[in-house]
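Q: Residue numbers (my numbering), protein chains in the order written: chain A, 1 to 205; chain B, 1 to 168.
Derived by calculation from the structure, the hints in this document are not laboratory data. Positions of the beta carbon are idealized from the N, C-alpha and C atoms, including for glycine. Hints are supplied without guarantee of correctness; some may be wrong.
Beyond 10 Å from chain B on every Cβ pair, some chain A residues (computed) [what the hints assert, rightly or not]:
#1 E33
#2 K43
#3 D202
Chain A stretches covered by chain B per the calculated footprint, using a threshold of three residues with CB under 8 Å from any CB of chain B [claimed, not checked]:
#4 48-62
#5 152-161
These are the residues of each chain, in order.
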Amino acid sequence: MARAVFRKVSADGERRLVHLDRDRPLVEAALREPARFDALYRKYLAQVYSYAFYELGDHHDAEDATERTFLLALGALPRFEERARPADGEGASTFRVWLFQIARNVVANVRRSRRRRPEAPLEAAALVASPLDVESRATHRLEAAEAWAAVGRLPDDRRRALVLRFVEEMSTAEIAGILGRSEGAVRVLIHRGLRAVARDLDRRP
Amino acid sequence: MTFQPPETGEIDALVTDGYLDSLLAARERRALDSPSVVELDPDVRLAAARLAETAARVHPSFRFEERLAVRLADAARRMTLAPAVGLEDLPGGSISTIEPDPAGSALGPVGPLDLLDPARPEEIAGIPRPLIIGGTLASAALSIAGAALVAWRLNRPGRGGTERVRLA
Numbered sequence: 001m002a003r004a005v006f007r008k009v010s011a012d013g014e015r016r017l018v019h020l021d022r023d024r025p026l027v028e029a030a031l032r033e034p035a036r037f038d039a040l041y042r043k044y045l046a047q048v049y050s051y052a053f054y055e056l057g058d059h060h061d062a063e064d065a066t067e068r069t070f071l072l073a074l075g076a077l078p079r080f081e082e083r084a085r086p087a088d089g090e091g092a093s094t095f096r097v098w099l100f101q102i103a104r105n106v107v108a109n110v111r112r113s114r115r116r117r118p119e120a121p122l123e124a125a126a127l128v129a130s131p132l133d134v135e136s137r138a139t140h141r142l143e144a145a146e147a148w149a150a151v152g153r154l155p156d157d158r159r160r161a162l163v164l165r166f167v168e169e170m171s172t173a174e175i176a177g178i179l180g181r182s183e184g185a186v187r188v189l190i191h192r193g194l195r196a197v198a199r200d201l202d203r204r205p
Numbered sequence: 001m002t003f004q005p006p007e008t009g010e011i012d013a014l015v016t017d018g019y020l021d022s023l024l025a026a027r028e029r030r031a032l033d034s035p036s037v038v039e040l041d042p043d044v045r046l047a048a049a050r051l052a053e054t055a056a057r058v059h060p061s062f063r064f065e066e067r068l069a070v071r072l073a074d075a076a077r078r079m080t081l082a083p084a085v086g087l088e089d090l091p092g093g094s095i096s097t098i099e100p101d102p103a104g105s106a107l108g109p110v111g112p113l114d115l116l117d118p119a120r121p122e123e124i125a126g127i128p129r130p131l132i133i134g135g136t137l138a139s140a141a142l143s144i145a146g147a148a149l150v151a152w153r154l155n156r157p158g159r160g161g162t163e164r165v166r167l168a
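The shape of chain A in the complex, shown without the other chains (with noise of 0.2 Å):
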């Protein structure tokens, strides 16, 4: 878990502490610096990247995603606006949920561009999980395909809030920001998607 970020500040002659974002530091580095994106870039790599390729379930086009999300955030980085609260818990970041507002958006203009649904490509993304795990893998996959093509046959904001709190492990005040719902409408979503989840594995032989 990363660790809170706070800063005495002085407003109106009163000192406090507020809640950091805690990429702040990266940041101005690179908004001094362009060339200093490069650490916010690997650092979310593999996040941007995976959300990617679970919504599009292409190797090909995740890569192509991505390489525009972050093409993006880097020339609109000077826009970026910090709003870590301390209801976004502890490490929160906000530039986190801007760069998957901006991965958000990209991924859903491939989506519509393709103007199909992504089935074959959560099946695909699940056939990832648990790589190690030999004896039980048959199984374990087909299982695995089941559900994230369950997840795949969902409306958009439902699938997309279930790759965010599964995949990414995000809080649902992140999601929230990136959606650009509340978190109890996001809640709502997470549980919808799982019962539909649920039903249709049941549904199934």
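Assemble chain B onto chain A, guided by the hints.
A: Chain B in isolation, oriented as in the chain A frame:
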């Protein structure tokens, strides 16, 4: 102000959320047993457990990682150079002639309007077209790196005197 009790669906969603917090924390510490929440629908719990068990982060290839790092470094270098030398003085001429990614992108070009705030596409709708950048009408041939440069110049710190990264 009156207290609005949560509806049944929201209570179930809260219970599920609490369970997921415990489940994902258990996964992180590689615990063998799953947390038990009596109030949670067993089917939902099973589905959540299966997804948590099989969700794995996927890493791109090292080759892709390094190729993109080089592209970003190149875009960053141009951003650093641009304020000093001006767009016209960049190697390769104006931004519209910057070479596209030799590997090619299946996604097509990124327009500068997309870059004004890519995280909030709704803001883009209010901007009149066409947009003239560096004396050149933005075209579909604009490369991603070139467009990133434009966005950086439009948004770079100091413009409008606003501090972009603020305290919470």
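Q: All the hints need checking, so say for each whether the structure fits it.
A: Verification of the hints:
1. E33: Violated, since 7 Å does not exceed 10 Å.
2. K43: Holds, since 12 Å exceeds 10 Å.
3. D202: The assertion about D202 of chain A is violated, with a minimum of 6 Å to chain B.
4. 48-62: With 8 residues in contact (Cβ-Cβ under 8 Å with chain B), the coverage given for the segment 48-62 of chain A holds.
5. 152-161: violated (count 0)
Of the hints listed earlier, those the structure fails to meet are numbers 1, 3, 5, in rising order.
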